[in-house]
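The listed protein sequences derive, respectively, from chains A and B.
Residues in the first sequence are numbered from 1 upward in steps of one, following the working numbering.
Residues in the second sequence are numbered from 1 upward in steps of one, following the working numbering.
Since the hints were derived computationally from the structure, they do not count as laboratory data.
Watch out, some of these pointers could steer you wrong.
[Said to hold, decoys possible] Derived CB-CB ranges, DEER-like:
1. A/Tyr10 / B/Asn30: 20 to 30 Å
2. A/Arg64 / B/Pro112: 40 to 50 Å
3. A/Asp63 / B/Ala5: 26 to 36 Å
4. B/Gly16 / A/Ser7: 32 to 42 Å
5. A/Gly40 / B/Thr72: 22 to 32 Å
6. A/Ala53 / B/Thr52: 45 to 55 Å
7. A/Gly98 / B/Asn55: 16 to 26 Å
8. B/Pro104 / A/Leu55: 23 to 33 Å
Glycine residues also receive a C-beta, built at the ideal position from the N, C-alpha and C atoms.
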Amino acid sequence: GAGVSQSPRYKVAKRGQDVALRCDPISGHVSLFWYQQALGQGPEFLTYFQNEAQLDKSGLPSDRFFAERPEGSVSTLKIQRTQQEDSAVYLCASSYRGTGNTIYFGEGSWLTVV
Amino acid sequence: AQSVAQPEDQVNVAEGNPLTVKCTYSVSGNPYLFWYVQYPNRGLQFLLKYITGDNLVKGSYGFEAEFNKSQTSFHLKKPSALVSDSALYFCAVRSYGQNFVFGPGTRLSVLP
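Next comes chain A alone, as it looks inside the complex (with noise of 0.2 Å):
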């Protein structure tokens, strides 16, 4: 497809659980942003990739966050002994790189614990 693919779009977890969650970005895209939605709020950054160098993971919440991106394309955000308040939605999103180009979301993975 064109757009960013997220996956999976939904996941329950038991707290205490690791999860894994997928982002395939538009092709040609270098720039990739993982974002913390909570309902009705808005995106909280929490790292940023260009290529597969992660170049700010200043946003991930707490060392049970991990993101990698190897090769440089699909990128996965592992959370590891999953918390209640880790429920969200996951946001990703791609871009070329610059400033002011425009970053483009997929779907959204929803991680619900409980």
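Once you have looked at the hints, place chain B on chain A.
Below, chain B without anything else, positioned relative to chain A:
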């Protein structure tokens, strides 16, 4: 540090009337300003952006926004609202070397 404020949690407007959704920002350098819309259970969709040039920017679905440097504002407008415009709207700012920062969102309800 960058920040975005959207002073109204909710905006109600009658169908056919003009709408305005407000946004103010704070950045240390030149701002790059964006508006996104989010429908229920969907990701964010790009509407329009200001990078440089004309202060009035036109975007998708008849929306436009006006960049006002002195007031550090970037309000979203539409001359005639549609019921289908009802959604959550987010303003975002970015400056060189910084990441996108999003506002808290404004819920627009267009009443038939």
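Taking the hints in turn, this is what the structure says about them:
About 40 Å separates the C-beta atoms of A/Tyr10 and B/Asn30, a value inconsistent with the hinted range of 20 to 30 Å. Range check, A/Arg64 to B/Pro112: about 46 Å between beta-carbon atoms, so the 40 to 50 Å window is met. For A/Asp63 and B/Ala5, the hinted distance range of 26 to 36 Å is satisfied, since their beta carbons lie about 31 Å from each other. Checked against the hint of 32 to 42 Å, the C-beta distance between B/Gly16 and A/Ser7 comes to roughly 41 Å, which is consistent with it.
In this structure the supplied range 22 to 32 Å holds for A/Gly40 paired with B/Thr72, their Cβ-Cβ distance being about 25 Å. Separated by about 28 Å at the C-beta atoms, A/Ala53 and B/Thr52 break the suggested range of 45 to 55 Å. The hinted window of 16 to 26 Å between A/Gly98 and B/Asn55 holds, with their beta carbons roughly 22 Å apart. For B/Pro104 paired with A/Leu55, a C-beta distance near 26 Å keeps the hint of 23 to 33 Å intact.
Hint compliance for this structure: hints 1, 6 are broken, all remaining hints hold.
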